[in-house]
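Taken in order, these protein sequences are the chains called A and B. Quick note on numbering: the first sequence equals residues 1 to 459 in this note's numbering. Quick note on numbering: the second sequence equals residues 1001 to 1251 in this note's numbering.
Bear in mind the hints are in silico, worked out from the structure with no lab data behind them. Don't take each hint at face value.
[Stated by the list, open to error] Derived list of chain A stretches under chain B, where covered just means 3 residues or more per stretch with a C-beta under 8 Å from a C-beta of chain B:
| hint | region |
| --- | --- |
| 1 | 70-80 |
| 2 | 91-99 |
| 3 | 183-191 |
| 4 | 222-229 |
| 5 | 265-275 |
| 6 | 363-370 |
What you are looking at is a predicted structure, and each value in this text was computed from that prediction instead of being measured. All C-beta atoms, glycine included, are put in the ideal place defined by N, C-alpha and C.
If you want the building blocks of each chain, they are given just below.
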Amino acid sequence: MNLSARLLHARKSLSWVALPLLTLPLLLLSSSTLRAQDTFHLETSSGATSIRLAAANFKPTAADANTTTFKNTFDTTLFADLSNAGIFDMVSKSLAPQTTPGAQSDINLSQWSTAPASAAMVAFGNLGVQNNRLVVNGFLDDAKNTQFPQVFAKQYNEEATDDSARQVAHRFADEIIFRLSGGTPGIAESKLFYVKRGRGTKEIWEMDYDGANQHAITHLGEISLSPRVSPDNSRVAFSALGKDGFQIRMFSLLLGRLVNFQSVGGTNLSPAWSPSGQQLAFSSSRTGDPEIWVSDPQGAVAHRITNYKGPDVSPTWNPKTGAQIAWISGRTGLPQLYIMDTDGSGVTRMTDGGYATSPSWSPNGQFIAFAWNRKYGPGAPGGQDIYVMEVASKRWIQLTHDMGRCDFPSWSPDGRHIAFANTPDGVDSHNRIMTMLVDGTGKRALTEYGADMPNWSWK
Amino acid sequence: MNTHHSKFWNKAALVATLALLAASGCHKKHAATPPAAMAPEATTPPPTASITADPAAIDLGQSVVLNWRTSNATSVSIDGIGEVPVNGTQTVSPASSTNFHLVAKNAGGTTEANVRVTVRVPEVPAAPSDNGDMGSDAMFHAKVPDIFFGYDSFDLTPEADSSISSAAAYLTAHPAIKILIGGYCDDRGSAEYNITLGENRANAAKTALVSAGVTGNRIRVVSYGKEKQFCSEETESCWQQNRRGQFSIDR
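For reference, chain A alone in the conformation it holds in the complex (with noise of 0.2 Å):
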């Protein structure tokens, strides 16, 4: 398929990927004014239709120097999380009036709706350390109402730490996405588990959603991998590399520490649990050859729900079901994308061709994001980049391009971003965690090299 081949099929496929994925009742919506380009734009995450919206430096109450420090965490995180949720047009602070609103009826709303700010919306409030307890008070006005522009007021009270100042500002963004998203609930309060390369080891460790706060969760010294959080956010299954192979390992997020999960023989890896919490699907070849298996979280009541000849790896349930698996199976030479139902009835190959690996399903339950290599092959050139596909019609748009070698999608628990592994210059230690829009757009790194296989955490 020729470049402009694909990009028309990137066109017809837009319609699709765009409504469903980012439904935003307040915003919506009308043409897609696609640029001829090689990335896609979604018309909620550029342009006119996004919701211009201003977030006001806040206002100190108080002059001390943990309140100066505090307050520019707070501003910078802020601003970061608003800029980084992808539906909002957001006001540059340096077309920002001079002015420092601390509250209600401190601000001047004209001058934030008139040019060159032109805010719809505004954030605005005070943030001060009295009795050693970060008080913060946020705002959020409609700009254009002027007889009743509050939309709504928060007050957050914390221990004064500058890990709690970012957090408030997490919540508080979270609360401004919730209402001008249309309910769908923001992921500044979400994390990410991945894999930390160390000399020899690899190790599971945890970060902010946009890569604040990194730190180790496990020490076991070994090759951990494939990290999976659970729905309550209590527990990661992950595997790693011991005498007997790799095997599944659950350590306890409350406890600190790990809990037991039954070893059965052979090697089990690429844990993914159910929606309910209850179920986990994995890799086994305890009876021979590689299947995939469905046990509780302890690795009790293990069942095998494939049974094909070759390699069956790196399930991943339907969230929004519960009553499907995604998974990739080489059983017909190359690794492809399958589903079926989880009694594995009903499987169906969706990938076409090429080299397809670690499925993620979306969280509304539509969209499988995948990595694929459409040129694999001895001597091909291809790239392995980063793909989202309508699960009921098997169309496809490609989401990375021309930045090496992509790998581990990962959706954010609001469908609208999706995490992932870069390794730009293909070796292999200079792995990387980037997040993006799942139109493609708004490609960052979260983490320095050394970091891979991300996990969003369900909430």
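For chain A, the structure is supplied; the task is to place chain B on it using the hints.
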């Protein structure tokens, strides 16, 4: 004392070998000698010589009695021992299998006699019982070579089939050896899929060994996927090195 002996006899073996080479050179020269020089041979017959060893084969550390008889010899020497009486016995304790080379001389010529003493060296000194013979690592890797796979394949190649035959024969002869088969993949493709591909590779090797008569419970299989690379360059020859079923002794 033993150490001294060993060193001495290793040297002796070397000297003996060199002497043999030299001796064969002599023969050639001898054959080329012009008839006039043969004159003394008519008057003095060459010596006779024989040498025996008892026993002819020993375990390492045991000793053997050399016994030699000559007639008409004016000088007799044994390589590694030196000049010896024309008839005699000597007890020796060689560290490795040795050819004892006796040379008897007189005016009429030179006569040689040889005896070989075989020294049985236990290959793995730690293994006490007969069926505990694990062989050496070097021997294991020579007889049970790693096998290599095609791109994205876990089918055995013809070369791999013959490697498996050799491996099965060696493993049948050394029933004490348990083996670990490691499955490996090149670094292209995705980590999770490669672990299952490596598993299929290692299991293909196991299945072939079992078909060739090696009991399955002697074989353990571990897939490393692409997590442990033999070679890290992005070339076909390097990728081929990494698409491997690796055999090692499972201790």
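Hints and how they fare:
1. For the region 70-80 of chain A, the stated coverage by chain B is not satisfied: 0 residues place a CB nearer than 8 Å to a CB of that chain, which falls below the threshold of 3.
2. For the region 91-99 of chain A, the proposed coverage by chain B is not satisfied: 0 residues have a C-beta within less than 8 Å of a C-beta in that chain, short of the threshold of three.
3. Interface restraint, the region 183-191 of chain A with chain B: violated (0 residues with C-beta to C-beta distance below 8 Å; minimum three).
4. Check on the region 222-229 of chain A: 3 of its residues sit with their Cβ under 8 Å from a Cβ of chain B, so the three-residue criterion for coverage holds.
5. Here the region 265-275 of chain A counts 4 residues with a CB under 8 Å from a CB of chain B, which clears the bar of 3, and the coverage holds.
6. Check on the region 363-370 of chain A: 0 of its residues sit with their Cβ under 8 Å from a Cβ of chain B, so the three-residue criterion for coverage is violated.
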